[in-house]
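Engineer: Sequence:
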Amino acid sequence: MSYATVTDLELRLGKQTVIELTNPKTRADSINVPVAEAAIADAVGIIDSYIGQRVSLPLAIVPALVKILTIDLAVYYLKVKLGNTGKSDNGTNKLYDDADKHLQRFANGETSLGLSIPEDDPTDNQTSHHAEISSEDRQFTRTTMGNLT
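According to my numbering, the stretch in the sequence shown is residues 31 to 179, in order.
Hints may contain errors.
[As the list claims (entries may be wrong)] Derived pair list, reagent style SDA-like, types lysine to any residue, alpha-carbon separation capped at 20 Å:
no.: 1; residue 1: Lys131; residue 2: Thr141
no.: 2; residue 1: Lys97; residue 2: Thr35
no.: 3; residue 1: Lys111; residue 2: Thr122
no.: 4; residue 1: Lys45; residue 2: Ala68
no.: 5; residue 1: Lys111; residue 2: Thr47
no.: 6; residue 1: Lys97; residue 2: Glu67
no.: 7; residue 1: Lys97; residue 2: Asp130
no.: 8; residue 1: Lys97; residue 2: Val63
no.: 9; residue 1: Lys111; residue 2: Lys124
no.: 10; residue 1: Lys111; residue 2: Ile76
no.: 11; residue 1: Lys131; residue 2: Glu67
no.: 12; residue 1: Lys97; residue 2: Gly82
no.: 13; residue 1: Lys111; residue 2: Asn53
no.: 14; residue 1: Lys97; residue 2: Thr56
no.: 15; residue 1: Lys97; residue 2: Ile76
no.: 16; residue 1: Lys111; residue 2: Asn123
no.: 17; residue 1: Lys45; residue 2: Val65
no.: 18; residue 1: Lys55; residue 2: Val65
no.: 19; residue 1: Lys111; residue 2: Ala68
no.: 20; residue 1: Lys45; residue 2: Leu112
no.: 21; residue 1: Lys55; residue 2: Asp119
no.: 22; residue 1: Lys97; residue 2: Gln134
no.: 23; residue 1: Lys124; residue 2: Lys55
no.: 24; residue 1: Lys45; residue 2: Val63
Calculated from the structure, these hints are not laboratory results.
Make the full structure from the sequences, and use the hints.
Structural biologist: Written out as structure tokens, the structure reads:
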């Protein structure tokens with residue numbers, strides 16, 4: 031599941047900026063959608079690797095902060111990994127570093143992303159971490175079989 035769309039990138043950064051980010055070293059007049067979607071998919075992969083430690087994936091509802099982190103990481107991938115800037119700049123690195131730190135803190139249980147975390151409830155068999163085996167009473171016992179052993 032994607033936590034952001036190309037339209038989300040466009041709304042946050044502006045159409046011209048997304049055109050420039052997705053079409054490095056060329057003059058283009060439209061967004062290169064496959065490139066933008068690939069950057070978003072990379073961002074989602076990173077986010078899932080952190081949040082998947084604490085919540086079930088895929089997320090049913092995407093909190094606003096998860097969408098923002100997805101866009102920030104996608105911008106990082108578009109600028110740095112595609113070589114749009116020729117070198118990494120402090121602003122782009124800060125986007126990545128801030129997102130990474132926030133995701134690490136979430137994975138460690140130190141902060142929230144607006145996701146509900148299931149509590150370990152021993153009465154709830156779905157979140158319990160132990161096995162339970164049950165069966166019917168034994169049909170053949172020493173009493174029912176007589177002296178056979």
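Engineer: Hints first: check each against the structure and report whether it holds.
Structural biologist: Here is how each hint holds up against the structure:
1. A threshold of 20 Å between alpha carbons decides the hint, and for Lys131 with Thr141 the separation of about 11 Å falls inside it, so the pair holds.
2. The suggested pairing of Lys97 with Thr35 holds, with an alpha-carbon distance near 9 Å, which does not exceed 20 Å.
3. A threshold of 20 Å between alpha carbons decides the hint, and for Lys111 with Thr122 the separation of about 11 Å falls inside it, so the pair holds.
4. At most 20 Å may separate the alpha-carbon atoms for a hinted pair to count; Lys45 and Ala68 meet this at roughly 17 Å.
5. Taken as a hint, the Lys111 and Thr47 pair is honoured in the structure, with Cα atoms around 16 Å apart against an allowance of 20 Å.
6. At most 20 Å may separate the alpha-carbon atoms for a hinted pair to count; Lys97 and Glu67 meet this at roughly 14 Å.
7. For the proposed pair Lys97 and Asp130, the alpha carbon gap of about 14 Å is at most 20 Å, so the pair holds.
8. Between Lys97 and Val63 the alpha-carbon distance is near 18 Å, which keeps this suggested pair within the 20 Å criterion.
9. With a C-alpha separation of about 15 Å, the suggested pairing of Lys111 with Lys124 holds against the 20 Å cut-off.
10. Among the hinted pairs, Lys111 with Ile76 is consistent with the structure: their alpha-carbon atoms are about 14 Å apart, no more than 20 Å.
11. Our distance criterion of 20 Å between C-alpha atoms is broken by Lys131 and Glu67, whose separation comes to about 24 Å.
12. With a C-alpha separation of about 16 Å, the suggested pair Lys97 and Gly82 falls inside the 20 Å cut-off, and the hint holds.
13. About 13 Å separates the Cα atoms of Lys111 and Asn53, which keeps this hinted pair within 20 Å; it holds.
14. Pair hint Lys97 plus Thr56 does not hold up; C-alpha atoms about 28 Å apart against a cutoff of 20 Å.
15. At most 20 Å may separate the alpha-carbon atoms for a hinted pair to count; Lys97 and Ile76 meet this at roughly 13 Å.
16. Taken as a hint, the Lys111 and Asn123 pair is honoured in the structure, with Cα atoms around 11 Å apart against an allowance of 20 Å.
17. At most 20 Å may separate the alpha-carbon atoms for a hinted pair to count; Lys45 and Val65 meet this at roughly 14 Å.
18. For the hint linking Lys55 to Val65, the alpha-carbon distance of about 14 Å falls within 20 Å, and the restraint holds.
19. Annotation: proposed proximity of Lys111 to Ala68 holds, straight-line Cα distance about 11 Å (limit 20 Å).
20. Only pairs whose Cα atoms come within 20 Å are accepted, and Lys45 paired with Leu112 is accepted, the gap being roughly 18 Å.
21. Of the pairs offered as hints, the one joining Lys55 and Asp119 holds, with about 18 Å between alpha carbons and a cut-off of 20 Å not exceeded.
22. Of the supplied pair hints, the one linking Lys97 and Gln134 holds, its CA atoms being roughly 16 Å apart against a limit of 20 Å.
23. For the hint linking Lys124 to Lys55, the alpha-carbon distance of about 24 Å lies beyond 20 Å, and the restraint is violated.
24. With a C-alpha separation of about 12 Å, the suggested pairing of Lys45 with Val63 holds against the 20 Å cut-off.
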